[in-house]
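Participant: Each protein sequence line maps, in turn, to chains A and B. Residue numbering for the first sequence follows the numbering used here, starting at 2 and increasing by one per position. Residue numbering for the second sequence follows the numbering used here, starting at 558 and increasing by one per position.
There may be inaccurate statements among the hints.
Stated by the list, open to error - Residues of chain A clear of chain B, computed beta-carbon distances all greater than 10 angstroms:
(1) K15
(2) T21
(3) R45
(4) S66
(5) K72
(6) E73
(7) Q104
(8) T115
What the hints assert, rightly or not - Cβ-to-Cβ under 10 angstroms is the rule here; a few derived chain A residues that face chain B:
(9) P9
(10) I61
(11) Y105
Note that these hints are calculated values from the structure, not bench results. If you're wondering where the values come from, they're calculated on a predicted model, not measured in any experiment. The C-beta atom is built at its ideal place from N, Cα and C for all residues, glycine as well.
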Amino acid sequence: DGGITQSPKYLFRKEGQNVTLSCEQNLNHDAMYWYRQDPGQGLRLIYYSQIVNDFQKGDIAEGYSVSREKKESFPLTVTSAQKNPTAFYLCASSIEDRGAYEQYFGPGTRLTVT
Amino acid sequence: AQKVTQAQTEISVVEKEDVTLDCVYETRDTTYYLFWYKQPPSGELVFLIRRNSFDEQNEISGRYSWNFQKSTSSFNFTITASQVVDSAVYFCALSEAISNFGNEKLTFGTGTRLTIIP
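Let the hints inform the model, and build the full structure from the sequences given.
Facilitator: This is the structure we're talking about:
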């Protein structure tokens, strides 16, 4: 089955530690995205990548880093510089369909930092 | 800057009632797309619909219908004969081209939590 996988579903870390969230897709999509969701808020774009070896900052990139070495994978590292890392993180990928780029989302990773 | 407003934070209705979720947007683009996503308790966003800014026809899909009015910058979503399985958070989103590649950034509203009471 084609889709987007994010692992793990729940992640716990101590403050000051870097943590990497996994995102893999087998949809053959070129573009991938990372969003952050906080309680009572919509999703906010962290980083996006349009092709392999290229990525751009979104609206809230500070304290995060990404890499795109393979088309299928777009891992997100939450660094110790991110002041409020506890959140729900969603990965997405997109493909052009009749002029629009429809985004498909993974199941998300809930990160808790204490 | 683009903006999406979902003024209704939470709505509760009794099962089988109809319910409308409001969405108002702001954009300077002449070409754009509007989306609705459903987020059940599991957390994954489920795509419901996409509308092109040039197509103002209302759309119906089973118990779901969407009313797009460019004159009022609104894209409202109605569920007819609601069911308990409709309980979720619903997000309205607006697309914006972010590069020459054509890939799009989505601006999301803050969501409306819909609870259907059995």
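Participant: Please go over all the hints and tell whether each is borne out by the structure.
Facilitator: The hints, checked one at a time:
1. K15: Nearest chain B Cβ is 24 angstroms from A/K15, so the label holds.
2. T21: About 19 angstroms separates A/T21 from the closest Cβ of chain B, which puts it past 10 angstroms; holds.
3. R45: 8 angstroms, violated
4. S66: Consistent with the label, A/S66 stays out of reach of chain B, its closest Cβ about 19 angstroms off (over 10 angstroms).
5. K72: 14 angstroms, holds
6. E73: 17 angstroms, holds
7. Q104: 6 angstroms, violated
8. T115: Check passes; 20 angstroms lies beyond 10 angstroms.
9. P9: 13 angstroms, violated
10. I61: A/I61 check fails; min Cβ-Cβ to chain B is 12 angstroms, beyond 10 angstroms.
11. Y105: Nearest chain B Cβ about 7 angstroms off; hint holds.
Consistency note: the structure conflicts with the earlier hints numbered 3, 7, 9 and 10.
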